[in-house]
Structure formats: structure tokens, C-alpha cells
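Peer 1: Each chain is listed here by its residues.
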Amino acid sequence: MNKRVILISLLFSTYFLTGCWDRYELEERANILGLAIDVMDEEAENFTVPEITYKEENIPDEYKEPIIKLTAQLAVPGKIKLGPEGGGGGDGSEKTAWVVQTVGSSLKDAMTNLQQQLAEKLYLGHLQIIVLNEKVAKRGTEDINDFLKREYEVRRTAWMVVSEDKAEEVLQAAPPIETVPALYLSDTLKNSMRFGKLPREHLGRFWLDIEDIGIGGSIPYITVIENDRIMVSGLAYFKGDKMVGHMTPFEIGVYLAMQGKNPGGYAIAVNTDDGGIYIGESSVRRSDIKINVKDGQPSAQLNVEVEVTIEEETKANDLDNKKVKKIEKEMEKSAVEKFEKTINKWKENESDVLGIGARTRAEFPHYWDEQVKTDENWSQIFKEMNIEVNVECQIERAGMEWK
Amino acid sequence: MSPFFKKRTKATQPKQTIPKSEIMINNENKQVSSCLEKNVEHFEEIFKNDMDFLVRKFYLFETKPAALLCLKSLVGKEEIERDIIRPLQEKILGPENQDVHYITENILYSSDVKIGKEISNLIAAITTGKAIIFIDGLSESLEIDVKLPDKRSIEQPETERVVRGPRDGFIEQINTNIALLRYRLPVPEFRIEKTEVGTRTRTNVAVCYMEDIVNEDLLQEVKKRIDAIQMDGVLDAGYIEQFIQDNPWSPFPQIQNTERPDKAVGNILEGRVAILVEGSPFVLIAPATFNQFYQTSEDYNERWIISSIVRFIRIMALIFSLTFSSFYVTVLSFHPELIPASFVVAASSGRHGVPFPVFVEVLLMELAMEILREATVRMPQQVGGALSIVGVLVVGQAAVQAGFVSPITVVIIALSTIGSFATPSYNAATAFRMLRFFLIILAGTFGLLGLAVSLMLVINHMISLRSFGVPFMFPFAPGNANAIKDSIIRAPFHWLKTRPESLNPKNKKRVGGRVKDKAPYNFLNEDGDNSEET
Amino acid sequence: MLAIPRAIIDKVGNAAPLASLVGIGLSSIGLLGLIYLGKRFPQHTFIGYNKIILGKTIGSLFMIVYLMLSVILIGLDTRQFAEVLVGGLLPNTPIHFSIFFMLLLCAVINYSNVSTFAYIHFFYLPLIILPLLVVILPTFKDIEYYHLLPINGHNLSLNGFMSGVVTMMGGISNYFVISMVIPYLKNPKKNAKGGIWGFFIGTFLVLLLNTVALGAFGDQKILEMMWPTLVLARMVEVPGEIVARIDAIFIISWIFAVFTTLLSYYFIVVRGVAEMINSKNYRFISVGTFLIAFLIALIPSDIYDVYNYLLFLWVGGVIFYILYVILLVVLAKVLRKKGSAV
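Protein chains in written order, with the numbering used here: chain E, 1 to 403; chain A, 404 to 937; chain Z, 938 to 1279.
I should point out that these hints are in silico values taken from the structure, not numbers from a laboratory. Just so you know, not all the hints are guaranteed correct.
[Said to hold, decoys possible] For the chain E half of the interface with chain Z, some residues (derived, Cβ under 8 Å), not all of them: (1) Trp21; (2) Asp22; (3) Arg155; (4) Arg156; (5) Thr157; (6) Gly204; (7) Leu208; (8) Asp212; (9) Gly355; (10) Ala358; (11) Arg359; (12) Arg361; (13) Ala362; (14) Glu363; (15) Pro365.
[To be verified] Examples of chain A residues toward chain Z, derived with CB under 10 Å: (16) His738; (17) Leu741; (18) Leu845; (19) Thr848; (20) Gly850; (21) Leu852; (22) Ala855; (23) Leu860; (24) Ile862; (25) Met865; (26) Ile866; (27) Arg869; (28) Pro874; (29) Phe879; (30) Pro881.
[Claimed, not checked] Mimicking EDC-like on lysine to aspartate or glutamate, the simulated pairs with C-alpha atoms at most 20 Å apart in a straight line are: (31) Lys1078/Z with Asp288/E; (32) Lys329/E with Glu311/E; (33) Lys261/E with Asp1079/Z; (34) Lys290/E with Glu1081/Z; (35) Lys190/E with Asp1079/Z; (36) Lys138/E with Asp165/E; (37) Lys149/E with Glu1161/Z; (38) Lys149/E with Asp1079/Z; (39) Lys441/A with Glu521/A; (40) Lys261/E with Glu1081/Z.
On a predicted model such as this, the values are computed, not experimentally measured, just so you know. Just so it is clear, CB atoms sit at the ideal spot from N, CA and C, and this is done for glycine as well.
Please build the complete structure, drawing on both the sequences and the hints.
Peer 2: Structure representation (C-alpha cells):
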């Protein structure tokens, strides 16, 4: 019997030796760190879509337009030196990362085209950032998301951002300090989140929010500065899978405060009647969203508490107990005003980024099941509903100066 | 049923016996003759060409011819001259006193004297270093133990060094080793039972245990297994180990060996059995569990917090040495998404120009490392030191610079190899090092699946191992809250109140309650309040 | 572990935690019944006392059904395991290998020694629980309360609710192995307590997992996912970036969990068949089980099929288990059948 066992295991081992199906060495993988998706401008650029996924005449009509232009940033293995030797790279990152472009009817089609051009296997395991052109985002992200969700390699902690300009420019921006530009971009976003400048809206959260009933999604909105860095110039917000507008950085602060997300990263400037201007940065924020349904009419009440630190005082030098109270009042007044303005903007665009709909659905299931039912209906209700904002500011400390 | 799975009928094989020495068989039941010449001739016939065979003829009490026979390489010359021949020659007594009993009781100074009649026993006595005396006209002879073998002095054990702890180690002579144990266990319950193993070497094997602690079944099983050994020669304790272990197919040692008397005594006190073998400086300890292989005797000498941390580090090193390189292969060639992007960028630049896949690279480096290790052990000591430095520094550096391997691989291999040397038990560490190849091959073929499966095969095997009926992974599977206090951590002594339950000792209590004395007067406590802190 | 949240939420929506809780409650009735039977027949396994109570023919008939159910479950569970690996880890490796390896792990265990089986379970328990907690705890910050409310679901009928409950019970039905182990325990009464503890730890984790998955994803999103728990593991960020994603840790611990689950069924089958044909040749039976399960694992044509079959089996199995155990308990009482004392 022992001989037979050996024989069988030998037979099996021959099957083994043909193995290593999934082994791709690092240098055999085209490590895509950033993807940018634009709509091709057919007059200005002359790319032709090669017949890979579709035959020209077989393309369904709805896929003919728009044609996606995909830009990918690859890390080039072996180009980047390890360790201190040869670190004299002052000339930016053009050499260590390789930016390639292709077109396609859909994201997968474009990726297939790209694969056709490269020696290495496309690999999305380290995808850091996906940049969408504003036009693409406004047209709807559903189809792009589908591919990314299905692909098991994509990390849910990657970032999806909307670029004001052409998305490819973002990937071509070359920061001089980091060897791989996409890593720098994602670090910019990650750290903004730590400073309290951005909500935790990476890919996983974003997908959750746009697909949930009664909540709108939001992702960072960025602009390229001087071709070598990016600025977080706002937060794009969505209705369904379509981008409908973007907030300014200050409104991100407002948005975060309404959600009670910490740490607070934004400052508010107030001037008192005697001419002093004070800038206070929020440190801790608490919020409470209360929802009420009365006579089939929902209404919401936002109570926000903000702890503020005075960071700067200009045109005056008179900080004391009384003054602080005054500044608090002033801040509350201006905050409520700004909060309401922001909310109105969202209402106008029918984007419920605060998730008031989701809360209503959770807390008043009967109301929801009988009267709202769908996301679309909720958008209409949200547009009309009454949202009351209360802000309470509390100045806690004022740095190293007494006055 | 297909013939493939036909049940084999195990034929009860007749027990294989090894042929005994022909000389011994021929002399079985032969009695000593009363004629001196005949006896001497008979022995000269047996030891005909041996250069160290000595026959010293003399006249007992100046009258009766007698002869002393021995192998002079084994005996103490001085002792024979002083304690045997001198009194026998010098005294002058009448024939009524020419009787072996009288001579034993009144004349000989030697302490270990026996009276022998059978030739075969006398042959055995001569070969183990005894002198025998034939006296003309008597059909009885005297066997006198004058053994004086050459032995080295007691030195520090080579394989198990400690910073804090006793420095004596076992040596080859079983008597010295027993002395080292006795010295630490001066109690009447300490038992040393001797048997002989090996038809040709007739090696003395001693089974040592505490009579009132050891589990009777365990003891009987150990004795039974030792008695069942059939082999011509036993040259080291390792021979015995391989005969009495439970699973000969396992890579893991199921019996512990040690060079340290303190460790042996510690284990005897826990209820284990120590097996001493003549000619081996290693003492076997049975049963052994995995738990014992990362412990040192020093753990008990040092304070418990420190020992616990050190033990934890050793376990980490052991796990590292087993899994690190295969995990590296898996991550780099199958699942680079598992490591941070910046590391991937660095790793891929390090691999620039390396011609092999990571799998082959790691396998080659591991192999090179094993060759280096083996070479260092075998080299003469004067050269060995030089080799290891040359090996590690120059070869590693050159390999990296030549683009043969990536620097990260070198670091990983070095770490995993060094990790295995942190394990106190050499044979357990080697088992893990060799299993590493199995893991690398499966991980290199099936990625994370291969790694997990091979790891589970190893774990399942370890769990199903038994050493003399004790589960190999004892305090972990099956779990035992009491014994776990002396496993990954080494709890303070006042927690270790009982002996390990896995050994099922007769006497369970080991440590009494903690003694809390009142603090003595302290000159800082000027108000005289020396109440004890709690 | 991976598919349960989806399967339950598919049936009951937001009421998944509640349904899980009820499922655990009902399952524990089955468990208590088994323990009661084990105490009544302390020297017999399930197979043994089942023959005593129902008589030889009927008992054997039921047992054949029961063992066949277990073999099919082994096959399908292994297939599910292989599908996850192909889908999320090794896309090009043929699934035969994953199936082969997993069944091999079970087949090489020495079934003649019951204690080894128990030790393996004990040893892997922390290796499963700890990584699971590592995945679950950081996701707490992603839980939105509005995903969990209302706890009785939207427009949920009792029928729908009960089908969710049954799904949950099916998912945790491998506690049945206790019925095979009891006669080998030294102290059945004390160890029954251990069994109950083990059951509650395991089911509590499943409940926690269901709740966290629902809390993080909501009832809508979860239905779009194949394996919500796996996605959950992928969303977790590790501070310090030692490993970029902890889903590998999660997958390894999940492989351990699959192994112990399969081992339970495997144990039931091997010991059960051995007892039925009155043989001690465990190795032969385990090789046979290996081959049959391997073939069964290859039957489903696609991944949707796998889950259809599995759900069908879960539901069918649960009803069979619970009703059957209750029937046995009642018959044992009425007919006053009792096993010999220890």
C-alpha cells in the first residue's frame, strides 16, 4: 500500500509542478498607483479605440459616447534606488513613475487596451488614488465604480477625487520630494483627514454613501497647483451617483461640524464692533441631529457644539473674560448663518450629505415605508423640509498669550 | 472492494533477535575449575592476542599459586598493586585460611569484591574493568572492581550556556553523571535503576526518578520500551531516544536531551524520568512537550518578569524562524497588496536586476545559510570563526552587489536564521529550520493558501503527537490553566504551586504559600513604624 | 462566516441581529436536547442511541440520511471556501487545489484518537477569535446607527422573519458534533458545560459579525456584495502600516475557521460511518469521504449555484436536525429507553 501512496502522490506532484498560477514577481506587475479618468475630446485628441473588447460595429450605441480617456501612473520597478546611495534626485519624479494613456468605451475596456500595450500584468493592489474629471463625475460614477468594486485587488482605503481641471494633469503633477507622485497625492489627502480638513470619505465609505438610501456621497475636490502639487479645494457632493456640486473648504468645516467629526481643522474669523479680528480654530465638535415627523412633514434640528481655540488676534489686544463671551456670541451668529447657507446649497442640489433621510428611515420606518419609499421621493422632500440649526461656541483656551 | 484498499493482514512476525556473542554462549554454565593452569589457559585462549590482557601470577600467602587477570587498559595499576597483590603476598597464613570468603573478609582492601563461579560472568567482568583472581585448588574466584577509566573533567556544557546558573555539565561517564544528580538530590526517594542495552556494547543505562513523585505507568512504560531495545551497540543517548520515542516519522523531538544536571534534576522533580546512558554527556528526559523546548533552566534563576519577557521573545523567534521567509515569498510574489505601497516600491527597486523569482532566491539563500551553518559546525574551531565572518559578511555583500539577490532577501533570511538560534533546544530549532523549506515550497506554489495549509499541517501534526501519552502541545492543546503559568510566561514561584498535571504525578504539591515577613527595622522609618506594605 | 450576513439580511433586512438572536435561541434548544440525550445514553454516540430508540432499521435509515447530508455539506462548504479564494486571493489557481488541500487537511487527521480532534478545536479557537476581533473592533467607528434601526425591519412578515431565523440556525448547525464526542469524554457532565460555552462563544461571534456588517454597510449595500465580511476586512486601516491590509490576517483566520467547521462534519461522517459498518478502519473511511466530498464539491456549475444549494441544505438540514432531536428526546422519554450507566 505504501508504494501505491507514493505513486499517487507522485502523480499529483506532476500536477503541482505545472503550478504557480498566480505568481507574478514584483517586476512582472505594472503597479498602477494612480488612475485618472477623463472624457475624450474627440476633436482635439486623436486616439482611436482599438477593437479589443468590442468590435467597432458591435459597440452598443449607448457605449459609443462618451469615450473614456484613461491615464495611469505606474511605478517603474528598479528605477528608484533603495537606500541613501544615488539619492541625488533633484529633478522630480518624472523618471520613477511612468504615465501612460489609453482610451476605451468603458473602464474595463480601457484597462484591456492598456494591458495590450504593456509587458507587465496590470496590478491594482496598490491603487492609491482615482481622479475623475468633473465632467465624468457629473455624468455619473456608477459604471466606473462597478468595475472597481468587482476587482478584488482594489483597496477600499484608496481615494477617489474629483478634479476641476483635466484629471490627467493631476497625475502628471510631479512633486519634487516624493519618488512616486501618486503616493504624495494620497498622503496629501490622508493627512488632510488627520488635520480635520477632510471627512473620512475614502473609496469604501464613498461607495457606501452613494448607494445607501437617504444619504448622499461626497469626495474631495482638488485643483492642481503649479504642476507639482494639489490643493484640496473643496468637497464634491453627490446625488445618487452623480456629482451635483462642490463645497468650498470652509463649507467642509461646516459639514464636518454638523456631523460632529473630530478633530476640527477649520478656523472661523469674526470681527467685533470695536475693530478687532479674531480667528478661532475649532478643536472638538459635537453634534446632534434630531428628526421629527409631524403630520407627515419631517423636520430636522441640528445642535452643534464647538470648542474653539483662539489662534490669532489682529487689530486689537484686549482679550479677556468678557471679550471671550462676546466673541463666542459673534461666532455663534456667524456660524448659524453660514451653516444655513450651506444647507440651502445642498437642498438646492437635492444632495442629502448629512444622511437625514437615512436617519428618518431608521427612526420613522412607518413614515418612510408609507410616504417616502424611494430615494427620489426623499430628494423632493429634503428640498422642502425645514432644517433648524443651533450652534454653541465655547472658547476654551487662547494659546500662550493672556491678552 | 477494489484490491487497492485491500486490508493488509499483518502477519505476526517472529521477534527478531540479534545473535549473541559465540564466546559467551560457549562459556555459558561453565564453572571455574579448581586447577589454576586450566583456568588461566582458558582465559588466555579467549583473550589471545589482546595487548592489554595481563596475567600476573603470584603465590598466595607465599604458598599457594594464584593468578590475577585483568585488562590493564581499564584498571588502576596502583590500586591493584597496593590493595590486592600486596596484602595477598605479604601475609603468611595457613591453608585453613585459603578460602575466598576469608580472603574477601579479612585480607583484601578493595571495597567492591564479589565471588564468581561461572566463566561467562567472569569474562564479562574482565571486559568491564574488573580484575579476577584464581587460586589453585579453589573452584571459586574473586572479582574485584578496580576500574579506572580515563575521563575528562566536568566542564561547562557546550550546547546550553547560561548567564546565571550552575556551570557543571554531564560528562561521558555514567557514574560521574549519577554523582552530579545525587549531589543535588540527597534524598532516599531518588531512584537510579540500571539496565544494560546493546548486545555488543553492553551499555549501562540508568533510569532516574523520584519514587514518590513519578507516575507509575509512565515509569513502567519507559522501562518497557528500554528493555525492548534490540541492537548490537548503543553509542549515545540518541540511539536510545530513537528507539523509545512515540512517532519515529515526526521531525520533532519527543524526548528532551540536556547536558545540564540542574535541568535534569528540575525535570525529575516535576515527575519526569531521566535516562542516563554510559558514554553520552546527554541525559534524556521523558516525556517531553513542545513547551520544554523554548525554556532554559536559567528562566527559573532569573526574576520572573524578565524570564517571562525573554520566553516570549524566544517564542517569537521560533515562529519567525518558521514562517518569516515563506511569508516574505507569499507577500512579494503573490499578494503585494498586503504590504504598504511605499515598501513595495522599495522592494521592487531592490529586486532590480535579480534574475530569479523571489521563491528561488529565498530557497537558494536558505540553502546557502544551511550550508554555512553546517560548515561552521564541522570546521575545526580555529578556522570556524573566520569562516562565519567571511560567510556572512563577504558572501552576503558580494551576492547583493553582484545583483544575485536583493538586499531585503538577505535581511529576511538572516533574521529567520538568527531567530532559530535563539531557541535553546538545538534539535527542536533544527526541526523548525527544516520545516521552513516545506513551508517555502508550498507558499511559493500556492501563495497564502499554501502558507496557511502548510502551517496547519505542521500545527495539526504537532497537536496529534504524543510523548509517552502526554499531548505534545500540552498546556495549549488541551488547554490547562495551571500549566500555562509555566509556558509562554514563567509565573512567580508562589503561583506554581503544583507539578504539571500532564505528568499525573503522585505528589502534586510543589510550592508552599508565599512567606511574608515583617520588614526589619529600617533606619529611615524613624517613627518606628515598620508596618509592612501590601 | 462570510456568507451568513448576506443570506440573513437578504431574508430579513434590518432585523438581522434580532433574527440571529432568535436563531441562536432555537438552536440552543437542539443543543440542550442533544446534551440531554448524551446524558441519558452516556456510552453511546448519536448513531448508537438513535438505533436503540428507533430500532435498527428505521434508525439506520435516518442515520444514512444524516450522514449523507453531512458529506454533501462538507463538499459544498469546501467549494464555497475554494470560490472565495479564487474570487479574492488567487484568481488563476484552479479551484481543485483549494478543495484538495482543504479536504486533505481533514483527511490526514488520525480519527482513531478522539482527543486529538478535541485538541485541534481547542487550539484553533483563539487563532480564529483574535483576528476576527482585530477585524471587527476597528470597524466599530464605521457603524452608523441608522443602519441598524429599525431592529424589526421594514415591512417584515413573520414568515420572512422565520426564514431568516432558519438561515441563521443553518449557519451555526455544526454544534451537532457534540453528539458524537460525548461518549468519549471522561466527565460528560462537566464537558457538556464546555460544549455549551463553546456554542455560545461561536454563535456570539456570528451575531457580532452580522450586527457589525449590517451596521457598517446597511441593508441595501450588503445585498450587492458577495462576501460582506471580507469587504469589511478590506476597509480596515491599520495604524502604523505594518501590513497595508488586514484582510490577509482575516483570510488566514477564516481558513482556520473553515477547517475546524469541516473537521467537525468530517469527524461526524468518519466516526459515524465507522460505527454503522462496525469497523475501525478510520483511514479507509476518511479516504473514501475525501473522494466523495471532492466530487460533490465539483458539482455546482457556478458560484450562485453553490449558494443556492447551500441555503437549501441549511434550511432543510436545520428542520431535520431540530425536529429529529426533539423526536428522539420525546421517544426516549415515552418509551423509557435508557443507556447503560457509565
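Peer 1: Any hints from earlier that this structure breaks? Give me their numbers in increasing order, please.
Peer 2: none
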